[in-house]
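In our numbering, the protein residues as written are 2 to 469.
Among the hints, erroneous ones may be present.
Unchecked claim - So the derived label-pair ranges between C-beta atoms look like this:
1) E31 - E401: 35 to 41 Å
2) P220 - L138: 20 to 26 Å
3) E277 - G77: 47 to 53 Å
4) P425 - G317: 18 to 24 Å
5) E65 - E282: 50 to 56 Å
6) D47 - N423: 51 to 57 Å
7) E396 - Q422: 30 to 36 Å
8) R372 - K392: 45 to 51 Å
9) V88 - K250: 47 to 53 Å
10) R375 - Q186: 56 to 62 Å
11) K250 - A400: 19 to 25 Å
12) R407 - D320: 52 to 58 Å
13) Q422 - G184: 32 to 38 Å
What the hints assert, rightly or not - Derived lysine to any residue pairs resembling SDA-like cross-links, with alpha carbons at most 20 Å apart:
14) K257 - V219
15) K250 - I284
16) K41 - R86
17) K157 - E122
Hint data in this document are derived by calculation from the structure and do not stem from the laboratory.
Virtual Cβ for every residue (Gly too), placed ideally from N, Cα, C.
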Amino acid sequence: MIQTAAHPPQNTTPTEQLQGSVERITFHSEESGFCVLRVKVKGQRDLVTVIGSAASITPGEYVECEGRGVNDRQHGLQFKTLRLRVVPPSTLEGIEKYLGPGMVKGIGPHFARKLVQAFGERVFDVIENEPERLLTLEGIGPARSERVTRAWAEQKVVREIMVFLQSHGVGTARAVRIYKTYGEQAVARVRENPYRLALDIHGIGFKTADALAHHLGVPKDSLIRAQAGVRHALQEIASDGHCAAVREKLSEIASKLLEIPTTIIEQALDAECVAENLTEEAIDGKRALFLTPLYRSEKGVAQQITRLRQREPVWGRIDTAKAIPWVENKTGLDLSGSQRAAVGLAVNGKVTVITGGPGVGKTTVVNSILRIVRAKGVNVLLCAPTGRAAKRLAESTGAEAKTIHRLLEFDPQIMGFKRDQNHPLEAEFVVVDEVSMQNSGLGAKFNATGSLRKRGAGWYWGISSAGH
Numbered sequence: 002m003i004q005t006a007a008h009p010p011q012n013t014t015p016t017e018q019l020q021g022s023v024e025r026i027t028f029h030s031e032e033s034g035f036c037v038l039r040v041k042v043k044g045q046r047d048l049v050t051v052i053g054s055a056a057s058i059t060p061g062e063y064v065e066c067e068g069r070g071v072n073d074r075q076h077g078l079q080f081k082t083l084r085l086r087v088v089p090p091s092t093l094e095g096i097e098k099y100l101g102p103g104m105v106k107g108i109g110p111h112f113a114r115k116l117v118q119a120f121g122e123r124v125f126d127v128i129e130n131e132p133e134r135l136l137t138l139e140g141i142g143p144a145r146s147e148r149v150t151r152a153w154a155e156q157k158v159v160r161e162i163m164v165f166l167q168s169h170g171v172g173t174a175r176a177v178r179i180y181k182t183y184g185e186q187a188v189a190r191v192r193e194n195p196y197r198l199a200l201d202i203h204g205i206g207f208k209t210a211d212a213l214a215h216h217l218g219v220p221k222d223s224l225i226r227a228q229a230g231v232r233h234a235l236q237e238i239a240s241d242g243h244c245a246a247v248r249e250k251l252s253e254i255a256s257k258l259l260e261i262p263t264t265i266i267e268q269a270l271d272a273e274c275v276a277e278n279l280t281e282e283a284i285d286g287k288r289a290l291f292l293t294p295l296y297r298s299e300k301g302v303a304q305q306i307t308r309l310r311q312r313e314p315v316w317g318r319i320d321t322a323k324a325i326p327w328v329e330n331k332t333g334l335d336l337s338g339s340q341r342a343a344v345g346l347a348v349n350g351k352v353t354v355i356t357g358g359p360g361v362g363k364t365t366v367v368n369s370i371l372r373i374v375r376a377k378g379v380n381v382l383l384c385a386p387t388g389r390a391a392k393r394l395a396e397s398t399g400a401e402a403k404t405i406h407r408l409l410e411f412d413p414q415i416m417g418f419k420r421d422q423n424h425p426l427e428a429e430f431v432v433v434d435e436v437s438m439q440n441s442g443l444g445a446k447f448n449a450t451g452s453l454r455k456r457g458a459g460w461y462w463g464i465s466s467a468g469h
């Protein structure tokens, strides 16, 4: 389909080059920059479908792409880009198409044709440097002329930002996110502190920001690199399941990771605490440091559990001396002493964590609890952190189970949950299976935004069941 111009990076699949004019835009997201384009490529009879990212795109523009041709099962042959560069059209036909349908509101095909006929291939130079000449054309007054020049200036800014970022090793998709976050200030912000990207933009981490900083000539032992590096080191520690690190240990790890003296690392730790990106708290008499968002999540979980434990269950006290033999008769299973204790704690408690290795009877305990509380007319919801875990929970209990995100109605448009304190879950009892897979951030959101409400009373109740 597409000729390959081989210049493969080391240890990667060879990429291909594609160039052509945009004939049609099938889809373009202004938020993410994701686009599906139909491109006319020299030597190709049919239009090529190009998948990529662009801050802005208009039919008639010329694209220079690096990527790979793939055969998608559903959509057929496509060219998926790793980098996509947009440049203004150079042919009269391309310029007319570019000006007519989309670059400027109020300039349709008729006026686009007038501009091209009057100024030819110099039309963009006239718009940028001699805009007063636009007023010599019939039907183009001051307002329309101003719209044309402003739109061209905006497009030029976008292109310059994208070229700057791509020339410093930033991929197209990330470059679009940077532009969408910082707008016309993107180049200034990136030059000032490229490590800020790791804080401000989802999907950009320390390694990407560090590579960009290297391109821009930021010294390896600079304080801004040390500050970003200590956050990165703490994130690596958090990925191993630790919410905090003793300051001396963190300083040692960061110094080794970044190859920066500990004296600079200590300055960076102090600066990050002042900036409130890190939070320090004494644990067992030792100075420990948290990533501030993780600290707030941990604190939020503790506060919400304390709140949940303050009142009695909404169904009142259950006589376990009668309930447990009743449920054993219903299931035909005899519970062990530890299983009986777990059931008793859960049905008369506000928050219960059930732990144990494989095969110790956690599922039997959960099913026994559910039978007892349902016999009291309690409204129950079941969930788990992942789809697979939710499916297993549904199979083991015979009831519907959802992921936590689905239960709380996660909305990707707002990157948040529709269920909150003002729109809580309609339930008095929730089972969260495999809760050990849930991170602190999601745990805090679940407790705070997934509040459980007794119908008409505002009482709260919850149970968590851990898989190990």
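Status of each hint after checking the structure:
{"no.": "1", "hint": "E31 - E401: 35 to 41 Å", "in the structure": "holds (37 Å)"}
{"no.": "2", "hint": "P220 - L138: 20 to 26 Å", "in the structure": "violated (54 Å)"}
{"no.": "3", "hint": "E277 - G77: 47 to 53 Å", "in the structure": "holds (51 Å)"}
{"no.": "4", "hint": "P425 - G317: 18 to 24 Å", "in the structure": "holds (21 Å)"}
{"no.": "5", "hint": "E65 - E282: 50 to 56 Å", "in the structure": "holds (52 Å)"}
{"no.": "6", "hint": "D47 - N423: 51 to 57 Å", "in the structure": "holds (53 Å)"}
{"no.": "7", "hint": "E396 - Q422: 30 to 36 Å", "in the structure": "holds (33 Å)"}
{"no.": "8", "hint": "R372 - K392: 45 to 51 Å", "in the structure": "violated (21 Å)"}
{"no.": "9", "hint": "V88 - K250: 47 to 53 Å", "in the structure": "holds (51 Å)"}
{"no.": "10", "hint": "R375 - Q186: 56 to 62 Å", "in the structure": "holds (57 Å)"}
{"no.": "11", "hint": "K250 - A400: 19 to 25 Å", "in the structure": "violated (45 Å)"}
{"no.": "12", "hint": "R407 - D320: 52 to 58 Å", "in the structure": "violated (36 Å)"}
{"no.": "13", "hint": "Q422 - G184: 32 to 38 Å", "in the structure": "holds (33 Å)"}
{"no.": "14", "hint": "K257 - V219", "in the structure": "holds (19 Å)"}
{"no.": "15", "hint": "K250 - I284", "in the structure": "holds (14 Å)"}
{"no.": "16", "hint": "K41 - R86", "in the structure": "holds (15 Å)"}
{"no.": "17", "hint": "K157 - E122", "in the structure": "holds (17 Å)"}
The structure shown violates the earlier hints numbered 2, 8, 11 and 12.
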